[in-house]
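Here are the chains, one letter per residue:
2 protein chains.
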Amino acid sequence: MHQQALDKVNAAARHPDAQAGFVRQLDLRIAHHLSQLSPAPARLVEAARDAMGSGKRLRPYLLHLVAGDAADGDAVLDMAVALEMVHTASLIVDDLPSMDNALLRRGRPTTHARFGEATAILTAIGLLNHAISIANGLNGMDDGQRGALVSILSGVMGWQGLVAGQELDLNGFSDADGADDALDRITRINALKTGALLCAAVEAGAILGGREDGKRSLLRRFGEDLGQAFQIADDLIDMLSDSAATGKDCQKDVGKETYLAVYGADEALRRCRALLASADEALVGAGLSPDPFRCMIDAIFTPMLDRVPQAAPKAGAAR
Amino acid sequence: MHQQALDKVNAAARHPDAQAGFVRQLDLRIAHHLSQLSPAPARLVEAARDAMGSGKRLRPYLLHLVAGDAADGDAVLDMAVALEMVHTASLIVDDLPSMDNALLRRGRPTTHARFGEATAILTAIGLLNHAISIANGLNGMDDGQRGALVSILSGVMGWQGLVAGQELDLNGFSDADGADDALDRITRINALKTGALLCAAVEAGAILGGREDGKRSLLRRFGEDLGQAFQIADDLIDMLSDSAATGKDCQKDVGKETYLAVYGADEALRRCRALLASADEALVGAGLSPDPFRCMIDAIFTPMLDRVPQAAPKAGAAR
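Note that the protein sequences, when read in sequence, are chains C and S.
The first sequence begins at 102 in this note's numbering and counts up by one.
The second sequence begins at 102 in this note's numbering and counts up by one.
Hints may contain errors.
Have a look at the derived ranges for each label pair, beta carbon to beta carbon [said to hold, decoys possible]:
| hint | chain 1 | residue 1 | chain 2 | residue 2 | range |
| --- | --- | --- | --- | --- | --- |
| 1 | C | LYS157 | S | ASN202 | 30 to 38 Å |
| 2 | C | ASP282 | S | SER155 | 45 to 53 Å |
| 3 | C | LYS157 | S | GLU368 | 53 to 61 Å |
No wet-lab data here; the hints were simulated from the structure.
Only a predicted model underlies this, so the values are computations on that prediction, with no experimental measurement involved.
For each residue, glycine too, the CB sits at the ideal point set by N, CA and C.
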């Protein structure tokens, strides 16, 4: 085999190890931060540990990749923990009885199912605040960087982030929200609910890695496209799978206005692939070495999209 | 009348006007910040406006008094809005069906009663995040001050603040929380649920007013004592009043471990007055002009404590 091709194979084989190595470090850092919560009430700490105990760690790894090897490793790990706390808080909130009313997440009982609704809400708020305090207390940053990282976190959960996406997803658009066509509504909800946190990971990584400002809009497009693609793949899985396969409550989206529901599974699959191609193009344009990103994205999307039958049923038929 | 005595009477008469003047400015600043929330979903903005529409504005005024006239007026107003947002968010959360299940607050339907539980939770989280972003974006601060103000806000709502107090209040202390006697448990819950936000107002005021570090522990004691006193007075009112008089659901504390329930109303009244005296002493010790504080505190506590009959029934009798 040609040496260049061999290098490529070896590099591809190294990436999953690199990701697993990062996740091991991250899990240790998460445990460290959670051990600092005492003297918080023991039940809250237990609920936080339980909720943070597993996950794909996609956003932290994305942050790590964008930050690159030149970034301060400790700051990257701390900020990765903060992002994962915000992500976990958003899942706890989404799963609540008054929202998606889900009892399973990552194959285990959701936080409210195990600890009760009140403790779940308080744990989510505690995690959000702790994420802010981690970013606000980062060492080795200049104050402008620290302020920007705090701003990313408070923005992603706020009025123009996850909270807005969840409100629109649950209660729909009012006239004042001005979204007349389905594609606009779907794209906005996906951007707020999924894209915002991926963009936050990418933007925080760009700050920590000192990426030049000119590349940031391309990195942002990468995060946005990835978010849209991820949500479409998630909707496909929700329709086609059962809880045993995904580890969370499925067919929760029946009757919801999703890309899948409006355009059918074939078109959703096509759109998902086009978004991934666009994300890849943005990544290459931003000058980042694409291989580890591609490896991570393949590892997420291939098992999701492989489950979709070639001649998938139109979503309308399933409603 | 002696000139000095006359000055004192005039000064006392000026304080309520000064408070009302500050509250008018604050309400305009609140409206300004809420007008910046768009393009957040219209229902969320409406719920935030509704929740922030009224209130005693005690914490903002306390911040303003501690900051003093030398502080930057704009920064004080912005930080006062941030504190009121955190306070409002905590009330929305406390009132939820899974917590105190209250339908009335400040004489009007609670946020979840009017907008539904999901929107109420999302509004509370949105307000918390917005408070952080206000503090993080304050002009005219050096970066150390801005970081300290962000830290105060994320701390007050977090694991060692309101979230912890609410968890302990709802679900009690576990063995690991180590609080063996009733007075310790009651004092800790009151400190977390009520004292934390008053201390946050005082500490933020001290930062904005450039108060010397040596005075801050006395100012903190002032906030803590005031918080304990306030909670005891609130418990007395809860037991003795009806909703028409207080504008919120009453007799919610029946069966709860409060200072009133354990020690009876006479002792609760005595303790409340002793705490107010201790708060006053700390204030004078910190070198702040006490008159406007006394005027504000009298205006809050006199109507509350005057409702308590001289020979108040023991709380045990009401259980």
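Practice problem: Just pull the numbers of the violated hints for me, sorted ascending. | Solution: 2
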